[in-house]
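With chain A fixed as given, assemble chain B onto it according to the hints.
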Amino acid sequence: MAVNYGSKRIVSGAHYGLRDWLAQRVTAGIMALFTLIVLAQVMFTKGTIGYDKWAGIFSAQWMKALTFAVIVALLYHVWIGMRDIWMDYVTSSTAARLVLQVFTIVWLVSCAGWAVQVLWRL
Amino acid sequence: MTELATSSKSKRPQYRNINIFTDLPSYRLPVAGIVSILHRISGFIMFLLMPFIIWMFDTSVSSEFSFAKFKAVFNVGASGVFWKLVALALIWAYLHHFIAGVRHLWMDTSHAAVSKEFGKSSAVFTLAASIGFTLVLGAKLFGLY
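Protein chains in written order, with the numbering used here: chain A, 1 to 122; chain B, 1 to 145.
In isolation and in its complexed conformation, chain A is listed as follows (with noise of 0.2 Å):
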């Protein structure tokens, strides 16, 4: 079999990189729309805004389903973004980089739980 690796590496070629890439701008179009989702509703809604009205937009069934993908989405946008972070300002150290990495994947994950927890409970 072919080499791949060391300095035999591909690195140019059809998907290197472009999934994470186009992953990225994707997810970001998701969070987006959502927003503008939220804004529309909380700017329809007539009268002041309490605790009725507010959790009322969340509570709609097609609501949880959308929030529930735009914090996956979000996830998965915010684990691109950060490593890009790492990768190019923590390379002295694999190991540190290594470190950080699994810090953010832990960090992301703790906080999706946590909200989909939140939604879930609506």
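Honestly, I wouldn't trust all of these hints.
[As the list claims (entries may be wrong)] Residues on chain A that point at chain B, a partial pick, calculated with CB under 7 Å:
{"no.": "1", "residue": "A55"}
{"no.": "2", "residue": "G56"}
{"no.": "3", "residue": "W114"}
[Unchecked claim] Dumping the calculated PhoX-like pairs for lysine-lysine here, alpha-carbon to alpha-carbon at most 25 Å:
{"no.": "4", "chain 1": "A", "residue 1": "K64", "chain 2": "B", "residue 2": "K69"}
{"no.": "5", "chain 1": "A", "residue 1": "K53", "chain 2": "B", "residue 2": "K71"}
{"no.": "6", "chain 1": "A", "residue 1": "K46", "chain 2": "B", "residue 2": "K69"}
{"no.": "7", "chain 1": "B", "residue 1": "K140", "chain 2": "A", "residue 2": "K53"}
Derived by calculation from the structure, the hints in this document are not laboratory data. Glycine residues also receive a C-beta, built at the ideal position from the N, C-alpha and C atoms.
Coordinates of chain B only, in the frame set by chain A:
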């Protein structure tokens, strides 16, 4: 023409391995560059404040009781002012990241949007809009109107 080839011109500064303390203060970043680094910084801020964002989501939608607690945190005493400032930082970060992100998507899909002139004017717009909206929403947050 030979002078050019023999490189007798005055030396231009070279930026390799930019040092944050010795090089960055003298490095003139174009507006698009400022928008770019702020895009990264705003994203990082939101990453760090993610538990606070979810805490706000949790307390504001879970119950009448938690909703009252949510409001109290921002309205009681000096800590209320502190949390309002944190919220304002989030508002700025979100606005900047959002507008700069839409600018990115635009540049990904349009050749006209990546010209030098448009890059500059769209960067200026991004800064002006994000700071402008932040001031308007900040004034609302602190009860100025």
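Next item on the list: Return the numbers of the hints above that this structure violates; sort them in rising order.
Entry: As far as the earlier hints go, only 2 is violated by this structure.
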